[in-house]
Amino acid sequence: MKNNRRSFLKQIAAAIGGAACAKYLTSCTSASAAEPAVEGDKSLAGKFVTPECLQGMPIHATFLDEVSWDIPHQNWGPVEWDKDFATMKKMGIDTVVLIRAGLGSWIAAPFESVMACRDDIMYPPLDLVEMFLTLADKHDMKFYFGVYDSGYFWHIGEYQKEIDVNLALIDEVWKKYGHHKSFAGWYLSQEVSRRTRNISTIMAEMGKHAKEVSGNLPVMISPYIHGVKTDQVMSGDQATTVEEHEREWNEILGNLQGAVDILAFQDGQVNYGELYDYLKVNKALADKYGMRCWSNVESFDRDMPIRFLPIKWEKLLYKLDAARRAGMEDIITFEYSHFMSPNSAYSQAGHLYNRYREHFNITD
Amino acid sequence: MKNNRRSFLKQIAAAIGGAACAKYLTSCTSASAAEPAVEGDKSLAGKFVTPECLQGMPIHATFLDEVSWDIPHQNWGPVEWDKDFATMKKMGIDTVVLIRAGLGSWIAAPFESVMACRDDIMYPPLDLVEMFLTLADKHDMKFYFGVYDSGYFWHIGEYQKEIDVNLALIDEVWKKYGHHKSFAGWYLSQEVSRRTRNISTIMAEMGKHAKEVSGNLPVMISPYIHGVKTDQVMSGDQATTVEEHEREWNEILGNLQGAVDILAFQDGQVNYGELYDYLKVNKALADKYGMRCWSNVESFDRDMPIRFLPIKWEKLLYKLDAARRAGMEDIITFEYSHFMSPNSAYSQAGHLYNRYREHFNITD
Amino acid sequence: MKNNRRSFLKQIAAAIGGAACAKYLTSCTSASAAEPAVEGDKSLAGKFVTPECLQGMPIHATFLDEVSWDIPHQNWGPVEWDKDFATMKKMGIDTVVLIRAGLGSWIAAPFESVMACRDDIMYPPLDLVEMFLTLADKHDMKFYFGVYDSGYFWHIGEYQKEIDVNLALIDEVWKKYGHHKSFAGWYLSQEVSRRTRNISTIMAEMGKHAKEVSGNLPVMISPYIHGVKTDQVMSGDQATTVEEHEREWNEILGNLQGAVDILAFQDGQVNYGELYDYLKVNKALADKYGMRCWSNVESFDRDMPIRFLPIKWEKLLYKLDAARRAGMEDIITFEYSHFMSPNSAYSQAGHLYNRYREHFNITD
Numbered sequence: 026m027k028n029n030r031r032s033f034l035k036q037i038a039a040a041i042g043g044a045a046c047a048k049y050l051t052s053c054t055s056a057s058a059a060e061p062a063v064e065g066d067k068s069l070a071g072k073f074v075t076p077e078c079l080q081g082m083p084i085h086a087t088f089l090d091e092v093s094w095d096i097p098h099q100n101w102g103p104v105e106w107d108k109d110f111a112t113m114k115k116m117g118i119d120t121v122v123l124i125r126a127g128l129g130s131w132i133a134a135p136f137e138s139v140m141a142c143r144d145d146i147m148y149p150p151l152d153l154v155e156m157f158l159t160l161a162d163k164h165d166m167k168f169y170f171g172v173y174d175s176g177y178f179w180h181i182g183e184y185q186k187e188i189d190v191n192l193a194l195i196d197e198v199w200k201k202y203g204h205h206k207s208f209a210g211w212y213l214s215q216e217v218s219r220r221t222r223n224i225s226t227i228m229a230e231m232g233k234h235a236k237e238v239s240g241n242l243p244v245m246i247s248p249y250i251h252g253v254k255t256d257q258v259m260s261g262d263q264a265t266t267v268e269e270h271e272r273e274w275n276e277i278l279g280n281l282q283g284a285v286d287i288l289a290f291q292d293g294q295v296n297y298g299e300l301y302d303y304l305k306v307n308k309a310l311a312d313k314y315g316m317r318c319w320s321n322v323e324s325f326d327r328d329m330p331i332r333f334l335p336i337k338w339e340k341l342l343y344k345l346d347a348a349r350r351a352g353m354e355d356i357i358t359f360e361y362s363h364f365m366s367p368n369s370a371y372s373q374a375g376h377l378y379n380r381y382r383e384h385f386n387i388t389d
Numbered sequence: 026m027k028n029n030r031r032s033f034l035k036q037i038a039a040a041i042g043g044a045a046c047a048k049y050l051t052s053c054t055s056a057s058a059a060e061p062a063v064e065g066d067k068s069l070a071g072k073f074v075t076p077e078c079l080q081g082m083p084i085h086a087t088f089l090d091e092v093s094w095d096i097p098h099q100n101w102g103p104v105e106w107d108k109d110f111a112t113m114k115k116m117g118i119d120t121v122v123l124i125r126a127g128l129g130s131w132i133a134a135p136f137e138s139v140m141a142c143r144d145d146i147m148y149p150p151l152d153l154v155e156m157f158l159t160l161a162d163k164h165d166m167k168f169y170f171g172v173y174d175s176g177y178f179w180h181i182g183e184y185q186k187e188i189d190v191n192l193a194l195i196d197e198v199w200k201k202y203g204h205h206k207s208f209a210g211w212y213l214s215q216e217v218s219r220r221t222r223n224i225s226t227i228m229a230e231m232g233k234h235a236k237e238v239s240g241n242l243p244v245m246i247s248p249y250i251h252g253v254k255t256d257q258v259m260s261g262d263q264a265t266t267v268e269e270h271e272r273e274w275n276e277i278l279g280n281l282q283g284a285v286d287i288l289a290f291q292d293g294q295v296n297y298g299e300l301y302d303y304l305k306v307n308k309a310l311a312d313k314y315g316m317r318c319w320s321n322v323e324s325f326d327r328d329m330p331i332r333f334l335p336i337k338w339e340k341l342l343y344k345l346d347a348a349r350r351a352g353m354e355d356i357i358t359f360e361y362s363h364f365m366s367p368n369s370a371y372s373q374a375g376h377l378y379n380r381y382r383e384h385f386n387i388t389d
Numbered sequence: 026m027k028n029n030r031r032s033f034l035k036q037i038a039a040a041i042g043g044a045a046c047a048k049y050l051t052s053c054t055s056a057s058a059a060e061p062a063v064e065g066d067k068s069l070a071g072k073f074v075t076p077e078c079l080q081g082m083p084i085h086a087t088f089l090d091e092v093s094w095d096i097p098h099q100n101w102g103p104v105e106w107d108k109d110f111a112t113m114k115k116m117g118i119d120t121v122v123l124i125r126a127g128l129g130s131w132i133a134a135p136f137e138s139v140m141a142c143r144d145d146i147m148y149p150p151l152d153l154v155e156m157f158l159t160l161a162d163k164h165d166m167k168f169y170f171g172v173y174d175s176g177y178f179w180h181i182g183e184y185q186k187e188i189d190v191n192l193a194l195i196d197e198v199w200k201k202y203g204h205h206k207s208f209a210g211w212y213l214s215q216e217v218s219r220r221t222r223n224i225s226t227i228m229a230e231m232g233k234h235a236k237e238v239s240g241n242l243p244v245m246i247s248p249y250i251h252g253v254k255t256d257q258v259m260s261g262d263q264a265t266t267v268e269e270h271e272r273e274w275n276e277i278l279g280n281l282q283g284a285v286d287i288l289a290f291q292d293g294q295v296n297y298g299e300l301y302d303y304l305k306v307n308k309a310l311a312d313k314y315g316m317r318c319w320s321n322v323e324s325f326d327r328d329m330p331i332r333f334l335p336i337k338w339e340k341l342l343y344k345l346d347a348a349r350r351a352g353m354e355d356i357i358t359f360e361y362s363h364f365m366s367p368n369s370a371y372s373q374a375g376h377l378y379n380r381y382r383e384h385f386n387i388t389d
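Chains as they are written, first to last, in this note's numbering: chain A, 26 to 389; chain B, 26 to 389; chain C, 26 to 389.
It should be emphasised that the hints constitute simulated quantities derived from the structure, not laboratory data. Zero decoy hints are in this set.
For chains that are exact copies, the list does not tell them apart, and a pair is met inside one copy or across any two.
Capping the alpha-carbon separation at 27 Å, the derived lysine-lysine pairs in DSSO-like fashion look like this: (1) 167 - 114; (2) 67 - 201; (3) 72 - 163; (4) 201 - 72; (5) 67 - 114; (6) 108 - 72; (7) 186 - 236; (8) 163 - 67; (9) 67 - 108.
The whole structure should be built from the sequences, with the hints applied where relevant.
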């Protein structure tokens, strides 16, 4: 469809040549500034809170999403990470967990044991383990090392290879990095929702070995619930009921006694209304097997078309409140730097940081 | 595939230990700054405008996307909202419309009527209605209250429940909030594109009641066109023709006379080349039934893989020009704070704000 | 499920009215600031580099994504573009390539030849060609003009129409803009991965004519590899092998001798481990037909759910290293302003810019 031609604009444009015609901006210096000078009235902070507003429990740990599965990289270097560790402390976080030493071909540091187990490993530009431990030492934080996930061996039945490379990795890592005062624990990176792929054997072997070499440092896992928001169920698979979840995890955890100390289920794959019931089951299972029960409270939003941006504060508060009522010992989040940090590329995260600090009355 | 080993780098690295080897940066203080000192030449502003550049009509209203369906939350508190209302005024916006009092389990304020109608309502942390009305009072703006969308009752045939909870909500809201000088109208939140789900009955009942309790304040609706960019048609459904659209909406609007004052169709679900024809039809229908005709000019882009980021200025201008030529009385946008504001997490929105202000010659 | 009611909060709230109850923030002036005062320790810059870190080759060219296919617009005006050209120079970029004069109904400037070839062209608000050439002149850069992609004629077999409108466009553009000192070449915008849609004929005709009218300025193309990350293969099509790719492109390029000077394949549609082999094949083909071989090193990440955000530095380095080893003459990237610029809406791009500058030891 043709655009209407307006002859008067043509005449004006002809008269003033290449400059903007009269209907348009001729001097717009202030308009071209992206930042308005106006600020919000700070006396409004904390107002409009409802009488029965929920009450959360605080977050003390975060994952470090290296090597990432599905979150676009912020491309920070050591200077930016140092800055972010400082803001974590200001929010009350004192524990960082490297989510995985590697995923498939990509690794977080030049681990000899991983480079030896397959011929398609990409040599990394930085030693992120040395970097994170250096920063955790500096900021008086605890660091947990997440093992290598081949994304391959344990999916094709070769679970012994998954175990073997990781036993070697655990030895190598403890020898090279164990001297750091912040080195405080281990994280088993293979994530499942059901009793599958020999996960009990894999985790039991890795967990036991990690504890043996490191003087019994704690081992954490963060599996997920086979709920309505998982990729599998969204692709047509059936969600488990609370009872089925309890049954399968009773089996798995029974095999992990002594190998796993902290059970921190991801909390985002079930509907909000179902969460409390699952948390109570997870707590009971942890108690039964002598494990500490945390909740991995996801700080990203699974309900939006964009996968993923920071979660809405109201939802985060709801989940922290549910965790508190269900008796969780502590909270870890996936994950501070992208989804709760004032340094995040997503400024919704910086505002979430402020809403969180207001809720817990944290001032600088 | 193995990476090539370069022995010379190994030697250098061995010589200088943990520091960056000679090929890499040893002192990069300036390079680590995220912000370059260089600025653009402001005398270029307004240049390169084409001789027959289109001419838009201004936007005077925006939705407030609470409670949101599909836009990730910016996690603002009252201070940030105050700041944003101020920038709205600088763009010429004087009307804000709360898009819906609630969606399913989530509500914008602790409405007794909604909390009573189902047992899975999440208790909200803030009273957003009080907050928005306070800010609208402060900034001399008009506020329209959007009703509750259960996302459920009217989809399963229980439309009377949808009506009943909203009649009670309208009473509750007018009683509690109606004293605000900025309380200027109502918005019926249920969105449809076709004659479906007893929408005429639902809207007629809610609209009439809202006008009765509030001394006849105006009622607005913002349905959409069953076009090629709707979820339904993109999933395989057939788009309506202009004639079919006119036929169905002639029926619906005939039933809404006296219950609805402002008809503001969403403008984004049809191809750009089709828009003008639909706008003319909507205008004729509005005239026929004594309604005021606005266009809801979407300021987000439906054509990109990321759903959704701010729209390209060229496309926004095209739609504002089409609305002007079709005789729209006014423009509302979905939605300023995410997609046109200098405070948005999406800085493309701040630049869109500047392009808009340049076009309409708005300076500070 | 009902939320728990806490009577003590009710009492406190009743006591202090609308203000935040004691558990919440009453004075949070510092917490409401989005920016923390803490900075990272700059002496950490450049630390933790691994002994065998890969070595890239530098990027000297970028596409300008006008008119865009799938990247949301940043809504910059001439002032913002001027600022961005300046930062490009600081990174070593000296060549900008307008990716396409138009796509379907949308055009980058009011080209008479394009507006004449179909009746649904949208009249553009700015003359982007004049703007980019003005800025390229100012910043001593080279500018390549990308032709018009109807997105239609050559897909329905009417390839002669695609050729005809572009021959007319080339004449029009050279006549109107060719005087600019920065006008340094042409880019043929139709992108294919296989021998399809008469691409050889289309490109040969356009390339030859462009060189004829402009005193033999160079012509660039940037096709892609029919690999695992293409839309087609992700939708079920079969990826080509390296041999099949070589065979088809040997045919196509044989027909383009004398019409195309620079062959710059996109590098993102194959797995990282495959890339080197494809680059070697592309280099051999370019040598065989007397063409210069560049790599179009994509600076966005194809592996993440969000399509697309800036690429991870580690991956960009990997591809620059592979290009160097494969003997590429130079590198162009898609595309600096969104994915590598400190001015990008995606701040991951600004950090990528810094990682790049650190690697190549570029200081201000």
